[in-house]
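S.K.: One-letter residues, chain by chain:
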Amino acid sequence: MKDTANNKDYALLSYHHIPGVHKIEIFERAGGYETMKECFKKEPEAIKEEVKASGLRGRGGAGFATGVKWGFFTKDRKAIKYLLCNADESEPGTFKDRFLVERNPHILIEGMIISAWALATQKGYIYIRGEFYQQAVILERAIKEAYAKGYLGKNILGSGFDFDLYVHRGAGAYICGEETGMISSLEGKKGQPKLKPPFPAIKGYRGLPTMVNNVESLAAIPWIMKYGAPAYKQWGTEKSPGTKLFSISGDVNKPGVIEVPLSTSLKDIIEIHCGGMRNGNKLKAVIPGGSSAPIFNAADSYLVKMDYEDVAAKGSMLGSGAIIVLDETRNMGDVLKWTLEFYHHESCGQCTPCREGTGWLESVFKRKEKGQAHISDIDLLDKTASSMRGQTICALADAAAMPTQGMIKVFREELEAYVMTPAKVMTKK
Amino acid sequence: MSTTETFEFNKDNLATYKEYLTRYDDVESALLPVLHLAQEQNGWLPDHVVSYISLLMSIPEIKIKEVISFYDMFYDVPVGRNIVQVCTNISCSMFGGREIYQGLLKHFDTGYLTPTRDGRISLQKMECLGACELAPCMRVNDDFVGNLDLTSAIQKLEELP
Amino acid sequence: MTEVLKTEKVNLKWNGIDIQAEKGSNLLKAALDNGIEVAHYCYHAGLSIAGVCRMCMVEQDGNPRAFPSCNATCGEGMVIRNDTVKIKAAVESTLQFHLLNHPLDCPVCDQAGECGLQDYYMKHGQYDSQMIDKKVHKAKVQDIGKNVMLDAERCILCSRCTRFTEEVTKTNELGILNRGDHAEITVNEDLKNDYAQNLVDICPVGALTSKDFRFKQRVWFLDEVQTTCIGCETGCSVKVSQNKNGAYRVKPVYDHDVNGHWMCDDGRVIYKHVSSPTRLQNASENINGLFVPVAELGVQAIVRGKKPKYILSTGLTLGEYAGFFNAIKGSRAEVALYTLPNLGPEFDGILRRGDKNANLRGAKTAFDLAGFDSTQAGLDKVLNSISSSDVVYVVIPEILYNEDHFNTLINKVEKAGVRIALTPGETLSSLRAFNYLLPVPSFLEKNGEILNYQGAKRTLRAGLSYGETSKDVSYYGKWVNV
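Chains as they are written, first to last, in the working numbering: chain A, 334 to 762; chain B, 94 to 254; chain C, 1137 to 1618.
If you are wondering where the hints come from, they were derived from the structure by calculation, not from laboratory data.
Source: prediction; values computed, not measured.
No residue lacks a Cβ here, since even glycine has one placed at the ideal position from N, Cα and C.
Worth double-checking, as some hints may not be accurate.
[Said to hold, decoys possible] What follows is a set of in silico ranges between Cβ atoms, one per label pair, in the way DEER data are often shown:
| # | chain 1 | residue 1 | chain 2 | residue 2 | range |
| --- | --- | --- | --- | --- | --- |
| 1 | B | Asp-105 | A | Pro-530 | 43 to 49 angstroms |
| 2 | B | Ile-247 | A | Pro-530 | 51 to 57 angstroms |
| 3 | A | Pro-530 | C | Glu-1173 | 21 to 27 angstroms |
| 4 | A | Lys-375 | B | Val-170 | 49 to 55 angstroms |
| 5 | C | Leu-1240 | A | Ala-632 | 44 to 50 angstroms |
| 6 | C | Ala-1598 | A | Thr-407 | 57 to 63 angstroms |
| 7 | B | Asp-169 | C | Leu-1240 | 56 to 62 angstroms |
| 8 | C | Asn-1547 | B | Asp-169 | 55 to 61 angstroms |
| 9 | A | Lys-703 | C | Lys-1149 | 19 to 25 angstroms |
| 10 | A | Ala-646 | B | Asp-169 | 42 to 48 angstroms |
| 11 | C | Arg-1217 | A | Pro-530 | 17 to 23 angstroms |
| 12 | A | Thr-407 | C | Lys-1145 | 26 to 32 angstroms |
| 13 | A | Arg-362 | B | Ile-247 | 41 to 47 angstroms |
Modelling step: build the complete structure from the supplied sequences, incorporating the hints.
M.R.: Here it is as structure tokens:
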């Protein structure tokens, strides 16, 4: 994607317009893997410093600074440790990582090789959700090409450094996107998150140090290493530097993935990048960061800048950058029902507040289907959601509670009307 | 568990299994890929497949059953030749994903995962498939099909072998 | 096995109370060991940490997030609270989540009276339930083998049982299938391990109950006596639940040096002979195969003048051996020891030992001290010398794992003029080979000590008393002089 103001390519999608860039020859002709080669001439610590200086924040949803996370990793280069790429992408509304790897798998592989060199991980796995079968095939093909070029395997480019990279397919479970759930799953178990401490950087996969980074974070590394942290920081804000991929779906004319600097206004994203509202309808609400993020009404949506701080300041979270746009024809009761069904279906079942709470939220909200609804059910939902927060091993319970409470805060009257009237799902094409 | 049926990997898959083992630093980590492989060969994962894998990999049967039951894409019931996963999460439901799922169930006169009478198709209601720009979308075996309506969905599925 | 570890003690404050614990030890355990009550379901000191019930949440000074104390370790100067408004509210709502899909079938549940859900509801709950929704239904009344019944609806998925079969017995019969509130304890195959009854003990609710104990007694009608298992030479610490009607169950008591948290299934039935309907309670005479009560003085008259030969069992207390040898000191009595045959491997790797002689070491020491031969050769010598002018007293072992082996002994005493069985148990049919049966106290009716395989002293405590069972072998030893 072009940075039109500066007539320059952005970081992540800079190769996307090149036909056939999934092939290594074409990727390399466009400058791919150059940065990786340069990085092998650099000290690993220098790479870590550059990433830290760039202010890159984890793009999976939590937004924790990648360089700081890398800082927790052991510096013992001989110790057995792993690099795990989170390509599980299952937060509802998110499809940016799929978009990135299916057209340009090598940018991720290049980012992983640089990261592996910096972190001295001997093995890497790309954990990709089971539904992304074709994308896994694309990645495996690209990995094979990289092996053939000597960019993976033993003694990469004569550096004396060995790094093996494999694709590992999930099998359909949202919770495997949580980094310790992913590690459990990679270990051949149910994808249940693990107690923290210890954190994966200390004790992760097979009890050994493991660095888990999102596809988008790792794919940003080559650009950062090529142009330097200051160049990366030209975009975004001091605390939210760089560019970000946003997945936009719902009632806009052009849903899809865009790369824009962080802090781009949501209004611009909808009106300029996504071609405005579908059918010329009025905006009603936006879920700004995947289904876990509390919803914004139209007024807040038009005010918010899409960076970590501003979205948080307005009561939601940037999350994975999944923007779901809802127009005036949408019923917020339906949206909440779909959301609650999702978390009920996806709770891994180990922590009691989440296992029982996610199911109960759905039951309470659907009492009207049994003719048992009461207007006070909305308060009960609010209270139940509140008591699920901060009580569990991972954030899934919070991820179910936050949009529930957010929806109640913004659209209470509509929800009260919803539970007190017979169900009618509003859909149209 | 008495079962008269038996299962073992065919020659190619046994070779693939051995290749899988080289990717990981322990045998257990290969379980998900192995289950995908076994399901590819057998269609679904009944007890006798579990027993085979348990012996092959020295993983207790119950641990394998836990894993199968945990993931939506492993099937412990018989399924049709084609798996069709219909997304019913927010973005797809906004554009009729649920009606498409219900309409398909009705059209093919079946229920969740129950194979159609000709054994051709199993329909599965799914949460977000990660292709929201294609809403409403479904996965037909390994491929995404998007921008559906019920008619185009039926048409697509009727073409399946 | 007493380990001498140099451990550093640290000082902590828990709800303002000063406590001490080993540095780096489990924080929840430290509180429990210091007598502080902390609600918990999934934590068990004998199992790995699951951290899933979320009941033991605490706050620490300087840490904005509450965390489960079971997943924390003790450090110097930690200030911990679980009595804050925030934590109390969290525990109450988490308890409510535990009870949400629970069937509340306490009136027909054996766990009633010792149930974690009942206990904590009284302490941390007492809210008005707003649950009017359909509960998730799961499989009930499942016989999963080894005397264990599973009710998946009562289960709160604390995973203690699955961790037990994975970590302790390594048999992996149990697992948790499915996700979310459909998660359910499931058996892959019937239980096959020899420690299955521990599952009943560790289940904090009524999901796993003992088929043997089900519907027999309400727990509030039972008293507990702490004693030692006599099932093998391990000598596990146990408690026996009993009342005036008899004993009902045996459970392990934590003992760091011997059995840790567990006991084997064989030990669960060691009480069966004590309150059995056929338990010998009075001196009896064998009249054509029927045992009828007889006056003890009459038996004394019969044995008068006969040469006494005693065959003792290996299950007596140190006191009984000493008292017996003291009683026969200087007499012409001959004494030998019947040793139970080994069953199975010497040690199963957990607790169970093939040597079933609870006090073999104590017996041998006592024999040596008194100058008698405790070996098989000594027994053979006595048996081979038996003649019609002898009275033979055989102390019947409390638990006969191998009756055939014991019957060969009985066959060899048939030459004796008078044959007397001193029995702490049931009136077995094989005892028809004896002329008289005299009751002696079972392990539940006597105080004393035994030496286990380590040579460690293990205590037996009396809890019950049946009929005329208070006279032990030392009393009958005195008959040498009648």
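S.K.: Each of the hints needs a verdict: does it hold here or not?
M.R.: These are the hints, each one checked on the structure:
For Asp-105 (chain B) paired with Pro-530 (chain A), a C-beta distance near 44 angstroms keeps the hint of 43 to 49 angstroms intact. For the pair Ile-247 (chain B) and Pro-530 (chain A), the beta carbons lie near 52 angstroms from each other, so the given range of 51 to 57 angstroms is met. Remark: the range hint 21 to 27 angstroms for Pro-530 (chain A) to Glu-1173 (chain C) is upheld by a beta-carbon distance near 26 angstroms. Restraint check, Lys-375 (chain A) to Val-170 (chain B): a C-beta distance of roughly 54 angstroms satisfies the suggested window 49 to 55 angstroms.
The given range of 44 to 50 angstroms is respected by Leu-1240 (chain C) and Ala-632 (chain A), whose C-beta atoms sit roughly 47 angstroms from each other. Between Ala-1598 (chain C) and Thr-407 (chain A) the Cβ separation comes to about 60 angstroms, which falls inside the hinted range of 57 to 63 angstroms. About 31 angstroms separates the C-beta atoms of Asp-169 (chain B) and Leu-1240 (chain C), a value inconsistent with the hinted range of 56 to 62 angstroms. The hinted window of 55 to 61 angstroms between Asn-1547 (chain C) and Asp-169 (chain B) holds, with their beta carbons roughly 58 angstroms apart.
One distance hint, 19 to 25 angstroms for the beta-carbon pair Lys-703 (chain A) and Lys-1149 (chain C), is violated here, with the actual separation near 50 angstroms. For Ala-646 (chain A) and Asp-169 (chain B), the Cβ-Cβ distance of about 47 angstroms falls inside the hinted range of 42 to 48 angstroms, so the restraint holds. The hinted range of 17 to 23 angstroms is satisfied by Arg-1217 (chain C) and Pro-530 (chain A), whose Cβ atoms lie roughly 20 angstroms apart. Distance hint check: the CB atoms of Thr-407 (chain A) and Lys-1145 (chain C) are about 31 angstroms apart, consistent with the given range 26 to 32 angstroms.
The supplied range of 41 to 47 angstroms is met by Arg-362 (chain A) and Ile-247 (chain B), whose beta-carbon atoms lie about 44 angstroms from each other.
In summary, the numbered hints that this structure violates are 7 and 9.
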